[in-house]
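A.B. asks: Here the protein sequences come in this chain order: A and B.
Under our numbering, the first residue of the first sequence carries the number 1, and numbering increases by one thereafter.
Under our numbering, the first residue of the second sequence carries the number 1, and numbering increases by one thereafter.
Note that these hints are calculated values from the structure, not bench results.
Where a beta carbon is used, it is the ideal one built from N, C-alpha and C, also for glycine.
Please note that a few of the clues may not be correct.
[Claimed, not checked] BS3-like cross-link-like pairs, simulated, lysine-lysine; straight-line CA separation at most 25 Å:
| hint | chain 1 | residue 1 | chain 2 | residue 2 |
| --- | --- | --- | --- | --- |
| 1 | A | Lys-133 | B | Lys-33 |
| 2 | A | Lys-253 | B | Lys-20 |
| 3 | B | Lys-20 | A | Lys-135 |
[Said to hold, decoys possible] Among chain A residues calculated to face chain B with C-beta under 8 Å, some are:
| hint | residue |
| --- | --- |
| 4 | Leu-146 |
| 5 | Gly-153 |
| 6 | Ile-232 |
| 7 | Pro-234 |
[To be verified] Beta-carbon label-pair distances, calculated as ranges:
| hint | chain 1 | residue 1 | chain 2 | residue 2 | range |
| --- | --- | --- | --- | --- | --- |
| 8 | A | Ile-86 | B | Phe-136 | 35 to 41 Å |
| 9 | B | Ala-31 | A | Phe-256 | 48 to 54 Å |
| 10 | B | Thr-277 | A | Lys-92 | 49 to 55 Å |
| 11 | A | Ala-311 | B | Asp-221 | 49 to 55 Å |
| 12 | A | Gln-291 | B | Phe-286 | 49 to 55 Å |
| 13 | A | Ala-239 | B | Asn-128 | 38 to 44 Å |
| 14 | A | Glu-107 | B | Phe-136 | 52 to 58 Å |
| 15 | A | Tyr-237 | B | Gly-209 | 47 to 53 Å |
| 16 | B | Ser-267 | A | Arg-137 | 29 to 35 Å |
| 17 | A | Arg-137 | B | Asp-221 | 55 to 61 Å |
| 18 | A | Phe-256 | B | Thr-277 | 46 to 52 Å |
| 19 | A | Asn-287 | B | Gly-209 | 25 to 31 Å |
| 20 | B | Lys-32 | A | Glu-243 | 32 to 38 Å |
| 21 | B | Lys-12 | A | Ala-239 | 53 to 59 Å |
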Amino acid sequence: MTVKAKNNKAIRPERWGFTESILSFIPGNDTFRTMRARNARHGVLFILPFILGFLVFMARPLIQSFIMSFEEVTLAQGGGLNEKFIGFENYKYALGVDPYYNMRLVEEIPRMLINSVATLVLSFVIAVILNQKFKGRTLVRAIFFLPVILSSGVLPGIESQNEFYNMMQGISEEVANSSGVNLSAALQDLLSVSGVGSGVFDVLFDMIDSIYDIVMASGIQIIVFLSGLQAISPSLYEAADVEGCTAWEAFWKITFPMVSPLLLVNTIYTIIDFFMKNDNRVMERINEVWQRLEFGHVAAMNYIYFAVALAFIGVSSLIISRGVHYYED
Amino acid sequence: MKTKTAAQPGDKAVLRAKNKQSGGYVARAKAKKALISLARGLLLFGLCFMIIQPMLTRLSTSLMAEKDLYDSTVVLVPRNPTLDNFRIVFDLTNFPRSMINTLWTTLLVSFFQVIACTLVGYGFARYNFPLKKFWFACVIAVIVIPPQTISTSLYITFTNFDIFGIFRALTGNSLNLRGSVLPYVLMSATCMGLKDGLYIYMLRQYFRGIPKSLEEAAFVDGCSTMQTFVQIMLPDAMPTVLSCFLFSFVWQWTDLFYTRNFLAIQSRPIYSTELSTIVSRMSRYFSSDASKPIIVPVGRQQQLISIGVLICCIPLIILYIFTQRTFVQSIAMTGSKE
Chain A
1 MTVKAKNNKA
11 IRPERWGFTE
21 SILSFIPGND
31 TFRTMRARNA
41 RHGVLFILPF
51 ILGFLVFMAR
61 PLIQSFIMSF
71 EEVTLAQGGG
81 LNEKFIGFEN
91 YKYALGVDPY
101 YNMRLVEEIP
111 RMLINSVATL
121 VLSFVIAVIL
131 NQKFKGRTLV
141 RAIFFLPVIL
151 SSGVLPGIES
161 QNEFYNMMQG
171 ISEEVANSSG
181 VNLSAALQDL
191 LSVSGVGSGV
201 FDVLFDMIDS
211 IYDIVMASGI
221 QIIVFLSGLQ
231 AISPSLYEAA
241 DVEGCTAWEA
251 FWKITFPMVS
261 PLLLVNTIYT
271 IIDFFMKNDN
281 RVMERINEVW
291 QRLEFGHVAA
301 MNYIYFAVAL
311 AFIGVSSLII
321 SRGVHYYED
Chain B
1 MKTKTAAQPG
11 DKAVLRAKNK
21 QSGGYVARAK
31 AKKALISLAR
41 GLLLFGLCFM
51 IIQPMLTRLS
61 TSLMAEKDLY
71 DSTVVLVPRN
81 PTLDNFRIVF
91 DLTNFPRSMI
101 NTLWTTLLVS
111 FFQVIACTLV
121 GYGFARYNFP
131 LKKFWFACVI
141 AVIVIPPQTI
151 STSLYITFTN
161 FDIFGIFRAL
171 TGNSLNLRGS
181 VLPYVLMSAT
191 CMGLKDGLYI
201 YMLRQYFRGI
211 PKSLEEAAFV
221 DGCSTMQTFV
231 QIMLPDAMPT
241 VLSCFLFSFV
251 WQWTDLFYTR
261 NFLAIQSRPI
271 YSTELSTIVS
281 RMSRYFSSDA
291 SKPIIVPVGR
301 QQQLISIGVL
311 ICCIPLIILY
321 IFTQRTFVQS
331 IAMTGSKE
């Protein structure tokens, strides 16, 4: 960041204010003819598709649905909508009346939180392992990236969305638990009997049971961490080795701080990914309500959900950005 | 430590002598190394197996006849192998037509997405203009905002589509664009399609790494802005652009959200929506009398769903095998220049 600012200063010492910015887009004045004004115009032309798209297909619908979340919306004949202002009723409905929404929200959030942390840890560990030299490394990397393709869009959850199947699976799980075949359940019993704090283990066993979901969600994160690891210069490790650093110390003093900026990127990506997945049960509920054409309720539910996601992203990036170490060449 | 054993591979006698000299250090180091690589191998094998196993199971169940499903002695290898199941799923998902529709829609959409995102990414990376930071914050917002939040209003926008009331003035009525490809093409061409914010970010990261002098040299030689972009920047950026195209192709191929809301209609089935509603069509398909739907056994339902998933995945996996390098490298580049 600092480096960039310095460069800019070297190229153009004077700062442009509001007037220059406007003038550079109006032909027939001195500012308009400068190289910098020309560049500004071309830059705006390049991003014009985005500006148009953002205004028409993002900002406007966003405002519209925000208004809708305070209205009772019904389909009118001929495709239009009847809207009636009802204040916070929709929010009250979402949080107080709807039988599933708040329950699922409360259930899903801790699960997503735990899964996000587990995803980050696992992808970091795997990236460290994949960064070592061993036979078949390319193949293993290719396989770990496969989930990016196999767990997108319609694919995750389509098999578990089948209600009959869920019922059957519940029964088979019960059978497995009672017959003692289920290893993690048996282990859980054992540990809870031995009197170790059971709350911690519950979380841990949740993680182990959802390891498949976690691995399927960590494709991109692994690659991002891996690229960060490969960017660390080997001379750092050599120096540490000469000074008598053990591998463990080198990991915490070199590897971890050097990769930490990517932790922020990955955290945000992971949280967004978990919040927007199709097999997410809050999303499922919202879709169900959407299919009943209760647009006002949907808008309110979406906004609550979005606010929660945003809060999570904000808090976690605040925490992480404090611990991040930026290496400057 | 490592160099000590690796530098002198020698024969066993030399090693043994060295081991004795160092008081068993060499042997211990070797054992430790072997143990670590064994543990690593086991861990990686386990995780890789976990990723691939569902696909293999799907493949084996897809070939089983219905009675094999209920036979508990049949686990992985089907006793009565049959391709009949595939025929059934083809019928259920409207196969050749839905796949062809998916293919051309996906290609069209990805094409527009990539062109728009390349232009925008280039603009953000190489030019300074007023409000640049604001617009880039908007790009980040596009990544973060779930499209579900705006689905209702988008739906309405496209059912009564109008540009500043022009159509209403001309024809007396606004256009209903829902069910045609046009809304989605419009969204992709303006960077508002599926995960477009991410592609803009990736391409911007790439273009930022190109030295300024290249641009200046082109300018001195009399290149116009467009010429610089097309003839100098674009050829080098092709791998990144291509990988964005691949990403958008893969994600669009399996996408349900946009497809269900804007694209799919009765006359133009799209594979992902067909797949998501496959169960509801099964009961009618299997009953001899169309008016009396029967309940299809759960095992059979699951089998047919997984065949559907398999059909969806096979083209993508083949594509991935050939382009694996491009995928992985592009992401790597995005990360390292953060």
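A.B. asks: All the hints need checking, so say for each whether the structure fits it.
C.D. replies: Tested hints:
no.	hint	in the structure
1	A:Lys-133 with B:Lys-33	holds (12 Å)
2	A:Lys-253 with B:Lys-20	violated (35 Å)
3	B:Lys-20 with A:Lys-135	violated (31 Å)
4	Leu-146	holds (6 Å)
5	Gly-153	holds (3 Å)
6	Ile-232	violated (10 Å)
7	Pro-234	violated (13 Å)
8	A:Ile-86 with B:Phe-136: 35 to 41 Å	holds (37 Å)
9	B:Ala-31 with A:Phe-256: 48 to 54 Å	violated (28 Å)
10	B:Thr-277 with A:Lys-92: 49 to 55 Å	violated (33 Å)
11	A:Ala-311 with B:Asp-221: 49 to 55 Å	holds (52 Å)
12	A:Gln-291 with B:Phe-286: 49 to 55 Å	violated (25 Å)
13	A:Ala-239 with B:Asn-128: 38 to 44 Å	holds (39 Å)
14	A:Glu-107 with B:Phe-136: 52 to 58 Å	violated (36 Å)
15	A:Tyr-237 with B:Gly-209: 47 to 53 Å	violated (25 Å)
16	B:Ser-267 with A:Arg-137: 29 to 35 Å	violated (49 Å)
17	A:Arg-137 with B:Asp-221: 55 to 61 Å	violated (44 Å)
18	A:Phe-256 with B:Thr-277: 46 to 52 Å	holds (47 Å)
19	A:Asn-287 with B:Gly-209: 25 to 31 Å	violated (41 Å)
20	B:Lys-32 with A:Glu-243: 32 to 38 Å	violated (22 Å)
21	B:Lys-12 with A:Ala-239: 53 to 59 Å	violated (35 Å)
The structure is inconsistent with the numbered hints 2, 3, 6, 7, 9, 10, 12, 14, 15, 16, 17, 19, 20, 21, although it conforms to all the rest.
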